[in-house]
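Undergrad: Protein chains in written order, with the numbering used here: chain R, 7 to 623; chain F, 422 to 825; chain E, 228 to 518.
Treat the hints as calculated values from the structure; they're not laboratory data.
There's no promise every hint is true.
[To be verified] The calculated lysine to any residue pairs, modelled on SDA-like cross-linking and capped at a C-alpha distance of 20 Å, are:
(1) E/Lys-260 / R/Thr-127
(2) F/Lys-596 / F/Asp-613
(3) E/Lys-260 / R/Leu-124
[Unchecked claim] Stretches of chain E that chain R covers, calculated by requiring three or more beta carbons in the stretch to come under 8 Å of a beta carbon on chain R:
(4) 320 to 327
(5) 331 to 344
(6) 481 to 495
Yeah, the Cβ is synthetic: ideal placement off N, Cα and C, and Gly gets one too.
Below are the chains, spelled out letter by letter.
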Amino acid sequence: MIARTGGWIAAALLALAIGIFPYLGDLLDTRFPTSYELRLVMRAMILGIVVIGLNILVGFAGLVSLGQAALMGLGAHAAALLALRADWPFAACLAASVLVPALMGAVLAFPTVRVRALYLTVITIAFGFVFVNVLREWVSFTGGASGLASIPRPTLFGERLMATRAAGFNYYYLIAVCLMLALWVQWALARSRYGRAMRATAESENAARALGINVTATRTLAFAISAGLAGLGGGLFANLALFVNYETFTFSASIELLLMTILGGSGTLAGPVVGTAVLFAASQALQGLQEWQTFAYGALLALVLFLMPEGIVGGLARLRAKLAGRGAQERQTGAWPHFVPGFDALTQDRDEPGQATLITRDLTLRFGGLTAVNMVDMEVRSGTVHALIGPNGAGKSSLLNVVSGFYRASAGTVTLFGQAVKDQPPHVLARLGVARSFQNTELFGRMTVLENVLVGCHIRYQATLAETLLRLPRFLREERERLAEARLLLEVVGLTDFAGEQARNLPFGHQRRLEIARALALRPKLLLLDEPAAGLTHGEIEDLVALIRGLAARGMTVILVEHHVEMIMAVSDRVTVLDHGEVIADGPPEQVQDDRAVIEAYFGHGAPAAQATVPAQ
Amino acid sequence: MAGRLWTVLARRTAMAAAVAGAVALPAAAQRAEPCIGISMEVTGPLANQGLMLRITLETALEKINAAGGVLGRPLRLVIYDDVGEPARAVDNARRIGERDNCVVMFGGARTPNAIALREPLAEMGLPWIGAISAGTAVIEHPNGKNEWMFRVSMKDRWVTGYLIDQAKARSASGKIGFVYEGTAWGQGALPDIEAAARRAGVTLAGRETFNIGDQDMSAQMIRLRDAGVDTIVLWAVDRESANMLRSMDRIGYRPKIVSAWGLTTAFARAVGPLAEGIMVAGTFNWNGPLSPEAQAAFDAMKAKFPDRIRTTADMEQPSAMANAWDAVHMLAEALKIAGAYDRTRLRDAFYRVNYTGLIADYRPAFIKGNQERHDAILAEHYKLQAFHNGMLMPIEATPYGMRN
Amino acid sequence: MEAILQYLLTGLSVGSVYAMVGLGFYVMWSAAKAVNFNFGDIVMLGAVLTVVLMDVGVPLLPACLGAVAAAALLAAAIERGFVRPFNREANAIGWMLTTIAVGTMIESATTALFGSNPRRLETPLVEAPLRIGGSGIYPQELLLPVALLVVAVGLEFFYRRTITGRAMRAVAYNRTAAGLVGIDADRMTLLSFGLAGLLGALSGVLIGPVIQASATMGAIIGLKGFLVAIIAGIANARGVVIAGVLYGVSEKFIEAYLSTAARDAIGFSLMVLLLLLFPQGLFGKAEFKKV
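Isolated chain R, as found in the complex (with noise of 0.2 Å):
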């Protein structure tokens, strides 16, 4: 509460400060600022601009990009070849500039489908190179290495925008709205679902999906949403300068806006300003030291770096949360499951009683020569508890995995609600009502545990992109009703106390807690839990069994891979048995625990039976 408002005040600090800078020489009856100093602070914010535009693309999405200079260059020269060539007026010219390469950020985010993070950095250098030499030797339409000279002066609702002392800077504060109109984009899309899907996709790119999350599409958006704030940036520096040619955005300048953006703090709201104007500062205030000014910048960066590895904003958040930590009150873990009232609302959604929930036939995966399921068929009826158990090895988490649409199955079909889903992505059968766990957590660990269960909502807004950022009352609602139900599912796992803790800092049963939590807000009417018992203690794992009973009792499916017989017993309305690949036995537990096939793929030929009591402990 104390951030969101300090929050809040820093904005309007900043507001306020830009807002009177261009009169302090005359409160303070000096010659200041000269033109000098407001293009300077103009220069600044509209470096600000790309630089959280980058924030959102590095700090939140968690993709790097080292072109983010040429895309400021695409807005720039989008914006002076139409004013220069068509006659369009400033106002046409700017949206031009964001929609540009906001188009072509699009396009670039594209390969995020195929390739792993440090390949996409790559990409963007690439293109970064691409446009520089394109630029550079289109002589006759970018005017080649002499760039754009003698762009026309801005106007704006007959008004011509100047940015000096002696012509007058309206331009000034043209600049100042959009950097702040820039804030609130990053402000806005970061306390949404937006933003955290952003950054769950960035921590977790398996447990984005399983909730639901389009990454590619999330990625696009960040990508977009990222360039078209360069390109902003681009357009009005077009028409700061009047004149724009390739130099200005080089791979260099690439690489300052990223050392801007992590310098800051990256993911921080603050950071993206801040960590511009220290570097931009510094730059100018380095000059004196002439030919080794360079070096001095290299020296500070690195400095900086290694005194706050998390940025300026980054590391001073760390400083406050240990001041804070200090005087803080032991946090209380509450029992769990906790079936609070509202809980029962939440999972409504069922399938039909009775009904086979999920249907696989001659289900099929081979990786390379290996089989890991064969041919499998199995039914799961709605709200009972299935157990999948095996020996290691035996294609468990493989079938999971099929069901849940990380895995595409080579051969034979799924069914789930009624509905053929074979090849469908996860994010897919997520929003058919299928959650799922993952063996080795898979929490978003730097976000708070709230966040976690709050991206497990996703699905559920309606709220399209626009109203989120005009914070429009559909938004609003459902903002305030997801929040209420993720503390409700909080309170059912006993996590409440820890709502605003960061999740990777949980203790191992916690985080198991939190992970199904953040599945059952998905609402889902399949689960699958993927060895939730592996590393609780005793207690903890009956705790478990009341929560999967409670959750069956409620009408929900769930399936569960699991080693820990005991609680297979006590859990379970029905077992599949695995081995090899092949289903085994098939029935009630009592049944299969007898079954000679299954003692046999514990222990081999000849076991005694009366071990078969205890496999696999």
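Using the hints provided, position chains F and E relative to the given structure of chain R.
TA: Relative to chain R, chains F and E alone:
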């Protein structure tokens, strides 16, 4: 506090409006400081050009100040780095013109940086005098209204004509090729060279380009060789030109080369004997016989920068250094004529400067209302030089001079 | 025909430099899942330090050895000081920025001390080219593919047959497990960066005589070496060698038959296309996405 703030603001705004309504005061009417601001590359790949410029200007100013300065006040030099980027050059121009309130700005090497300055300079009413960047458009503005930018350097439009003539005179086959770097300077020369070739009745048998940082130009050289080009007009700087020479050497291609002034002593140091016989258009040469004034200038630089300047071969930007030397002296003359540290009066005084410098007799240095003549150095002042024994020499002092 | 021979020869030599620098990136990446982003500066130092040492009277060969050794030491020091502290978490990118910072310092210090002008690195092998009809090549340039071959084979041998090399591979394969069997993973990473520095500086010394030594000579070579390593799929040494040489040669043919000015635009576009077609790199193994 806030109340006071708004009162002051309101009062100031009202005053400003009143003043603006009465008389629009030109910014230049303020008394300026006796300082010369310069924006150039202090760091980065062309830092050496900046260093040579600094050596020249500091030495010249020391001499002028030792003699009592100008109008009784010593002239200061303030140097800002633009890393070769136009936006930074404009930042620096604003700093020079507004914060430091210098009376004049001096130009660095890069043509686009100078082009980006056109409007800010006019808006500030800040005279600019360039000693290196040679792009035609720096001085000859498309709108024909250059009022603030002056140059004591070469002009590409004239250099191209000069070099085409030289090439034509030396080519046996009449097949002349043009090789230029992919910068504003190189690309900017292309239309000029086409026009010059047309005027001279020469058809260019090849046009090739390469980028800064390129290390091998075999493809370009093979194309020129196969086109039968025996004389090349070159528009590039040291490092890439050195790599080009290597590429020529590989394929055994040895055309005559007449170059714009991007080639300096550093080029000869980089390629050694391959530089022999390459001709360069320039404005001045320090390795030939020197006038007493030039000798004094060199001695002063040598005395002031003993680590850098030991022999005349260390004057790594020979023409640019002479340009800057003359420019700063003409500036001092103009200030004396202006009679005050006033930018507008300085601008007007430039047109009244008559001065005998190292390079030429500038009579007059600049002509008002004729932006073509905001260039002080004329084509007739250009001097052909050639590399001989690793030194850039006046052509007469080498075996490559043409007997006329 | 002559021309084609020329493009093959020069392409081979410049490609060998890309490949050698790419191998440096491969060695670093294997050990640390991070690289010295401004590795080009190590390449540059190889050449520049040789010139500096020769300036003070050291003969050519000792100067080369001294320069390579010094650059390699610096490369290792960069790992210790600027990579390791910033590479503790998975997916950290701190190392990218700190190595950029230290690279900026190296390059600007070199410019300030050595000057921004290119300097000649004289060896007997660039005095006269070998001519084959209308094409030719400096013996120095022929040295590059030879050196590449030696380096690649040596690296293979080192990784497979020596204790240290095997330990490095173990670290590359699984850092934690390597630690469990008593391998000092940090030390191996340090050595790997030193080894990469050796490769980088060596390529700088070898190409220096052809393209002159200067403070900025390494930037583009370093970047292209990195891109080549990525295109190859950075975890495959042979792939890096092949991709490096191929890229060098294709650059020459692009210059010859498409455009010299737009060489990088075409070359880099080609790279992006290849990455889209082969998301794991040309020679990278398709990694199975584990869930």
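Undergrad: Next step is simple, just say for each hint if it's right about the structure.
TA: Cross-check of the supplied hints:
1. Restraint check: the Cα-Cα separation between E/Lys-260 and R/Thr-127 comes to about 15 Å, which is no more than 20 Å; the hinted pair holds.
2. A C-alpha spacing of about 18 Å is found between F/Lys-596 and F/Asp-613, which places the hinted pair at or below 20 Å, so the restraint holds.
3. Distance restraint check for E/Lys-260 and R/Leu-124: the Cα-Cα separation of roughly 10 Å lies within the 20 Å cut-off, and the hinted pair is therefore satisfied.
4. For the segment 320 to 327 of chain E, the stated coverage by chain R holds: 6 residues have a C-beta nearer than 8 Å to a C-beta of that chain, and at least 3 were required.
5. A stretch counts as covered by a chain when three or more of its residues have a beta carbon under 8 Å from one of that chain; for the segment 331 to 344 of chain E and chain R the count is 7, and the coverage holds.
6. For the segment 481 to 495 of chain E, the stated coverage by chain R is satisfied: 6 residues place a CB nearer than 8 Å to a CB of that chain, which reaches the threshold of 3.
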